[in-house]
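Sequences and hints are given; from them, build the entire structure.
Chains as they are written, first to last, in the numbering used here: chain A, 13 to 154; chain B, 72 to 449.
If you're looking for bench data, these hints aren't it; they were derived computationally from the structure.
Possibly wrong hints are sitting among the right ones.
[As the list claims (entries may be wrong)] Restricting the straight-line Cα-Cα distance to at most 20 Å, the calculated cross-link-like pairs of lysine-lysine (PhoX-like) are:
(1) K306/B / K60/A
(2) K54/A / K246/B
(3) K92/A / K17/A
[Unchecked claim] Computed beta-carbon distance windows for the label pairs:
(4) E67/A / G382/B: 31 to 39 Å
(5) P16/A / D196/B: 20 to 28 Å
(6) Y307/B / E67/A: 15 to 23 Å
(7) E121/A / K329/B: 54 to 62 Å
(8) R384/B / Q122/A: 57 to 65 Å
(9) Q122/A / Q322/B: 30 to 38 Å
(10) S63/A / G417/B: 53 to 61 Å
No residue lacks a Cβ here, since even glycine has one placed at the ideal position from N, Cα and C.
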Amino acid sequence: MPDPKPRVPVKPGFYTVPADAAATPDVICSRCKDCGEYYFPKRLVCAKCLSRNTEERNVPARGTLYSFTFVHIPLFGSTKIEYQEGYGVGQIDLPQGPRIQLPLVGKREQFRVGQKVQGEISVMREQEDKDVVILRFRPVEA
Amino acid sequence: MEHVAIVGVGMKRFGFYPEMHVNELGRDAGLAALDDAGLTFQDIDAVYAGHIFMQPMTAVRAVKELGCTGVPIQRIENASATGSAALREAYLAVAAGYYDKVLVLGLDKMTEVMGRTPAAPELEDAILPAAFFAMWATRRMHERGTKAEHLARIAAKNWNYGALNPMSQRQPTEKVTVEGVLKSSMVAWPLTKMMACPIGDGAAAAVVCRLDTAKKLAKGRPIVRIAASHLGSEKYERGHLFMGPVVGPPQMTRDAAKDVWEQSGLGPKDIHLVQVHDAFAIEELEYYELLGFCREGEAEGCIERGEFEPGGRVPFSTDGGLIARGHPGGPTGLAQIWETVLQLRGEAGKRQVPNARAGLCHMMGGGSVCVAHVLVRD
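Shown next, in the form of structure tokens:
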């Protein structure tokens, strides 16, 4: 077997890409060391207490679906057939506090407000030297 | 502030102008506003001009089409609220006593930038505005049992208002129905194409001046005054979204309403017509409540009773709104001002709201900001 191509995020600094493809990735957040508030994406100044005493914290990509849709437009920059007829998008509340907006895995009928979702790294564009990957969320089977 | 008036308004109908330069669109709207005020460009003390999508320097170059008088020209940009924010700058400058007669201009050719590929894709490119507002709708359906029919009824109302407005981009030749809106293609569930504003080009303008000057220029016409002006941005609360095409949180619009009621001494009961940022029908539904025209959870019932439709308690989006009149960007907020000024003067033709004496204009700008103005006829 040839070595697998490196998996590179569409933009660095937002989520981890675990070496083990089956592992749940982390969302890269900031946590305020003074008031404890979490943010995604990471930021220097705490928006709640204006402290600059923040630190980078990785948070497992697991949360609750606050809302969702299914967009009937191809995903920008994608070469995968799966995204050409459209894609799901969700707002996910992480238990630490941040609400994040990212694509969802699956069809609209599979999504419902309030369900548990977890992140996975998905290939969006295959290039000769690398696979460009995104973070998507998938409903957790009950 | 009670001594700032709007004495002229003008529009270049929103639509597609492949054969015209954006500066020419701005020129036509600017000349229309000057003519409406009975002024020439020589009379103008300052210009605030706004665009979103055009190259730097566009605003200044477009204003040169009206003349080169050495007048101060300042470009304003605040996403969808660009035109509204430019009007506010003119209002502040006149209220502060710096200038008397100020021209406000908004212009854009959105068609020139659509399809342009960003150099470096951002993570948030995956979240389109349609998806963002569709998620408002999904959440609302979950919390309040809202149906797609409620959204379609708002959209149909705005399309049908468009048919009554010669400056509306969309001019349906047959009555638009709830069924027709629901049958149009799905953009982002549950939002269909006819529940969304179109892309387009266009321009709009207004002349703002001191109230005493307005009285001299009136020549028997009713005078429209700016009774309140508000610009606000986001306040942090848990669940705040920091990435994507965000407008909100909802508190921003509640705060805008509270501020304009305090400034004007008026309340929702005193307002005869309202223009809002109905880029998608779900927005107009939310703003019924956030602006205080009904209590939380009552919007669906009000829609079913036609309370915000022609002949209803307080008509919304009387020029067709963003959905029908169009939303090129920079000029959009000034189209709301154009409509409200005509309505308050009694010059709105077939879509005239009877005896309209006070109107509210509300705009959201991505990022995000909220701008609101109350206009009154004394």
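Results for each hint:
no.	hint	in the structure
1	K306/B / K60/A	holds (9 Å)
2	K54/A / K246/B	violated (50 Å)
3	K92/A / K17/A	holds (16 Å)
4	E67/A / G382/B: 31 to 39 Å	violated (59 Å)
5	P16/A / D196/B: 20 to 28 Å	holds (26 Å)
6	Y307/B / E67/A: 15 to 23 Å	holds (19 Å)
7	E121/A / K329/B: 54 to 62 Å	violated (41 Å)
8	R384/B / Q122/A: 57 to 65 Å	violated (41 Å)
9	Q122/A / Q322/B: 30 to 38 Å	holds (32 Å)
10	S63/A / G417/B: 53 to 61 Å	holds (55 Å)
Hint violations for this structure: numbers 2, 4, 7 and 8, all remaining hints satisfied.
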